[in-house]
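Here the protein sequences come in this chain order: H and R.
The opening residue of the first sequence carries number 1 in my numbering; numbering runs sequentially from there.
The opening residue of the second sequence carries number 85 in my numbering; numbering runs sequentially from there.
Hint data in this document are derived by calculation from the structure and do not stem from the laboratory.
Remember, predicted model here, so these are calculated numbers, not experimental data.
Among these hints, one or two may not hold up.
Here are the in silico distance ranges between beta carbons for each label pair [stated by the list, open to error]:
| no. | chain 1 | residue 1 | chain 2 | residue 2 | range |
| --- | --- | --- | --- | --- | --- |
| 1 | H | Asp10 | R | Asp94 | 23 to 33 Å |
| 2 | H | Asp10 | R | Gly101 | 36 to 46 Å |
| 3 | R | Asn137 | H | Arg49 | 31 to 41 Å |
| 4 | R | Gly129 | H | Glu51 | 29 to 39 Å |
Below 35 Å or equal to it, Euclidean Cα-Cα: the simulated DSBU-like pairs (lysine-lysine) are [said to hold, decoys possible]:
| no. | chain 1 | residue 1 | chain 2 | residue 2 |
| --- | --- | --- | --- | --- |
| 5 | R | Lys161 | R | Lys148 |
| 6 | H | Lys64 | H | Lys77 |
| 7 | H | Lys77 | R | Lys161 |
| 8 | R | Lys161 | H | Lys64 |
| 9 | R | Lys148 | H | Lys77 |
| 10 | R | Lys148 | H | Lys64 |
All residues carry an ideal CB built from backbone N, CA and C; glycine is no exception.
Protein chains: 2
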Amino acid sequence: MSTGKQAGLDERRILAGNVRRLRQERALSQEALAEVCGLHRTYIGSVERAERNVSLSTIATLAKALNVSVPELLTQKGTVRGKR
Amino acid sequence: MSTGKQAGLDERRILAGNVRRLRQERALSQEALAEVCGLHRTYIGSVERAERNVSLSTIATLAKALNVSVPELLTQKGTVRGKR
Chain H
1 MSTGKQAGLD ERRILAGNVR RLRQERALSQ EALAEVCGLH RTYIGSVERA
51 ERNVSLSTIA TLAKALNVSV PELLTQKGTV RGKR
Chain R
85 MSTGKQAGLD ERRILAGNVR RLRQERALSQ EALAEVCGLH RTYIGSVERA
135 ERNVSLSTIA TLAKALNVSV PELLTQKGTV RGKR
């Protein structure tokens with residue numbers, strides 16, 4: 001009955017890949033990104049390993065720091081249409 | 085230094101509006117949507133009032149139940165391009 005089991009794993013991996021890619025494109029270390037976000041460096045690492053079930057406010061913080069929209073940060077690369 | 089303060093409030097409101105709109109378009113009660121998602125009815129209500137800092141896995145569960153993508157569920161209506 002529930003659609004909840006395993007929900008979010010794909011999305012977690014998409015978020016993980018996008019955070020890592022965008023951070024590297026911006027030549028930011030995990031520590032530098034963490035500092036901007038007010039998060040701990042190890043937290044960024046765990047997000048990039050898709051280990052975290054991140055909250056919407058943290059996703060918004062990451063998106064802002066990486067200068068992309070929240071939907072963009074959750075969209076698999078290759079399906080994003082232009083504009084950054 | 086932190087960009088974290090108040091982060092996610094806009095996104096929470098976008099999610100809230102989209103969940104309510106899509107649920108109503110599908111003629112689902114809060115209780116029916118909650119049942120499909122394996123969540124409590126009052127939880128759906130609090131999401132629709134933008135009171136919740138929802139986790140990515142719950143966003144994914146809601147998106148699946150409402151038959152939209154996660155990025156679409158987090159995109160302000162009017163900026164979504166076609167396809168549902």
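Hint check:
no.	hint	in the structure
1	Asp10(H) with Asp94(R): 23 to 33 Å	25 Å, holds
2	Asp10(H) with Gly101(R): 36 to 46 Å	24 Å, violated
3	Asn137(R) with Arg49(H): 31 to 41 Å	22 Å, violated
4	Gly129(R) with Glu51(H): 29 to 39 Å	30 Å, holds
5	Lys161(R) with Lys148(R)	18 Å, holds
6	Lys64(H) with Lys77(H)	18 Å, holds
7	Lys77(H) with Lys161(R)	22 Å, holds
8	Lys161(R) with Lys64(H)	20 Å, holds
9	Lys148(R) with Lys77(H)	20 Å, holds
10	Lys148(R) with Lys64(H)	26 Å, holds
When each numbered hint is compared with the structure, violations occur for hints 2 and 3.
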